[in-house]
Amino acid sequence: MERKLKHVAVPSSEITPKSLYLSRRDWLKAMGIVSAAALLAACLPQRGQTPLETEAGGGSGPAPSDELGDPANTFDEITHYNNYYEFSTDKQAVNPLSANFRAAPWAVEVGGLVHKPKTYSLEDLLRFEQVERVYRLRCVEAWSMVIPWTGFELNRLLAEVEPMTGARYVKFTALYDPEQFPGQRSPFYPWPYTEGLRLDEAMHRLTLIATGLYGEVLPNPNGAPLRLVVPWKYGFKSIKAIVRIELTEEQPATLWNTIAPHEYGFYSNVNPQVDHPRWSQRTERRIGELGRRETLMFNGYGEEVASLYAGMDLRVNY
Amino acid sequence: MLGWLPLALLLFDALAGRLSANPIQEVEQRLGRTALYFLLASLAVTPLTTLTGWRALPPRRRALGLYAFLYAGLHFATFVALDYGFDLPEILRLTGEKPFILVGFSAGFLLVPLAITSFDHFVRKMGKRWKRLHRFVYIIAPLVIVHYGWAKKGDLFALRGDILQPLLWGMLVLLLLVLRLPAVRKWVSHLRQKITSVKSV
Numbered sequence: 000m001e002r003k004l005k006h007v008a009v010p011s012s013e014i015t016p017k018s019l020y021l022s023r024r025d026w027l028k029a030m031g032i033v034s035a036a037a038l039l040a041a042c043l044p045q046r047g048q049t050p051l052e053t054e055a056g057g058g059s060g061p062a063p064s065d066e067l068g069d070p071a072n073t074f075d076e077i078t079h080y081n082n083y084y085e086f087s088t089d090k091q092a093v094n095p096l097s098a099n100f101r102a103a104p105w106a107v108e109v110g111g112l113v114h115k116p117k118t119y120s121l122e123d124l125l126r127f128e129q130v131e132r133v134y135r136l137r138c139v140e141a142w143s144m145v146i147p148w149t150g151f152e153l154n155r156l157l158a159e160v161e162p163m164t165g166a167r168y169v170k171f172t173a174l175y176d177p178e179q180f181p182g183q184r185s186p187f188y189p190w191p192y193t194e195g196l197r198l199d200e201a202m203h204r205l206t207l208i209a210t211g212l213y214g215e216v217l218p219n220p221n222g223a224p225l226r227l228v229v230p231w232k233y234g235f236k237s238i239k240a241i242v243r244i245e246l247t248e249e250q251p252a253t254l255w256n257t258i259a260p261h262e263y264g265f266y267s268n269v270n271p272q273v274d275h276p277r278w279s280q281r282t283e284r285r286i287g288e289l290g291r292r293e294t295l296m297f298n299g300y301g302e303e304v305a306s307l308y309a310g311m312d313l314r315v316n317y
Numbered sequence: 000m001l002g003w004l005p006l007a008l009l010l011f012d013a014l015a016g017r018l019s020a021n022p023i024q025e026v027e028q029r030l031g032r033t034a035l036y037f038l039l040a041s042l043a044v045t046p047l048t049t050l051t052g053w054r055a056l057p058p059r060r061r062a063l064g065l066y067a068f069l070y071a072g073l074h075f076a077t078f079v080a081l082d083y084g085f086d087l088p089e090i091l092r093l094t095g096e097k098p099f100i101l102v103g104f105s106a107g108f109l110l111v112p113l114a115i116t117s118f119d120h121f122v123r124k125m126g127k128r129w130k131r132l133h134r135f136v137y138i139i140a141p142l143v144i145v146h147y148g149w150a151k152k153g154d155l156f157a158l159r160g161d162i163l164q165p166l167l168w169g170m171l172v173l174l175l176l177v178l179r180l181p182a183v184r185k186w187v188s189h190l191r192q193k194i195t196s197v198k199s200v
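If you read the protein sequences in the order shown, they are chains A and B. Each residue of the first sequence is one higher than the last, beginning at 0 in numbering that gives the first Met the number 0. Each residue of the second sequence is one higher than the last, beginning at 0 in numbering that gives the first Met the number 0.
If we strip away everything but chain A, and leave its shape as in the complex, we get:
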């Protein structure tokens, strides 16, 4: 109950109520294939949209879709197929195992090379302007989803703590709590989960700290109460259940890069031209589809983010 109330801080105009999503889905189901044409019309992409404009979902617009016109995956798909190794390596086991996760109260310590370090409560963070973004998520295992997040741009938080001139990277640390996270009892991982971004990547407008999904409080299997979302990078960069954000001078160690550096680079930008030793990154399966799709450079966000990597050899900096 209490956690639901926290979302009062979100401007209601920003968020499509779940009841609307649901009724829309029921409606779509009821229509079936009889009115396939009408259905298609309703889902037509709004051409000329940018990833930033998908936030203007509104209450009466069409079902959520990304700026390329692909519909969002269902709430059920997004919350029952999760890579969250702190709970389990079995994607379907994460949902039941995370049912009793204590996402409140929560505090995030923001520090390192900043002028105004501060420990934020979840309530504090929800005061940053909450936006709705429909982003593609591309897993390094070559599957993908379209997900309607709510959250705030990380740059808002970083601006408030005022990075020092020497700060070049942002390091994220997830909760370490083997009592709640059975997977953290496994000795094969350097727990806790850590991730990192270059400061300019972290300041980018697309980089989101998600606090919600489908207009609801972020569900536990998706990294409650807050997780990073960097849509042009492979999913594992989007660290869940963040408890610490530090600005650093040196490139921080990240969990998967520590485990297998030749496979998981620091940047891990979605890149169909740089192959992974086990999964081909040329194609992907969109959850809910049978065939495979071509994987897009920077997961389709090249227009917004390619300039961040101008002059860099992305084969070396994979």
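I should point out that these hints are in silico values taken from the structure, not numbers from a laboratory. Among the hints, erroneous ones may be present.
Unchecked claim - Here are the computed distance ranges between Cβ atoms for each label pair:
no.: 1; chain 1: A; residue 1: D199; chain 2: B; residue 2: Y137; range: 20 to 30 Å
no.: 2; chain 1: A; residue 1: M296; chain 2: B; residue 2: R128; range: 49 to 59 Å
no.: 3; chain 1: B; residue 1: P58; chain 2: A; residue 2: V315; range: 33 to 43 Å
no.: 4; chain 1: B; residue 1: A80; chain 2: A; residue 2: H114; range: 56 to 66 Å
no.: 5; chain 1: B; residue 1: R134; chain 2: A; residue 2: A305; range: 31 to 41 Å
None of these values were measured; they are calculated from a predicted model. Glycine included, every Cβ here is placed at the ideal spot set by N, Cα and C.
Following the hints, put chain B in place on chain A, whose structure we already have.
Using the frame of chain A, we list chain B on its own:
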């Protein structure tokens, strides 16, 4: 008969919509794991017989091996047909560039002559050569473990990442192979005879 159970369960789960949000991958991986289990079961027959002296197992070994072949074949068919939609150029490219797929292919390929020669006719006709041919399973099983371990996120050889299952199954394969070494085998059956003779006194 029991060998069809995993397939029945798979069909049941498919009809009940319980194959996760990514059913093709789920089917592919479950078939692969099932093939591994049958292969391990077939490899366990000889050591178990040595250990227990129980004679009921050896006649079942052929069935176990053939089920392993069946599920490996279905695993492969899922990869080719469902996962990659018969996109042969892409599949060949993948096999060339992904060691874990190449290793899986090799293991499956090596299983074919074993399955073909499993009929009584060949057992009789080939004699000693049949035994030699079927010892290929000692190569196939480690290949399957490497295929499985490499398909997981992590580094099997550095003991990092999601490698617990391939590691445990790999240790079992190692154990089953070591138990076959003539010296070990002799020692084990010696031990068993000692125990039974003590019991009978």
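Against the structure, the hints come out as follows:
| no. | hint | in the structure |
| --- | --- | --- |
| 1 | A/D199 <-> B/Y137: 20 to 30 Å | violated (54 Å) |
| 2 | A/M296 <-> B/R128: 49 to 59 Å | holds (54 Å) |
| 3 | B/P58 <-> A/V315: 33 to 43 Å | violated (58 Å) |
| 4 | B/A80 <-> A/H114: 56 to 66 Å | holds (59 Å) |
| 5 | B/R134 <-> A/A305: 31 to 41 Å | violated (55 Å) |
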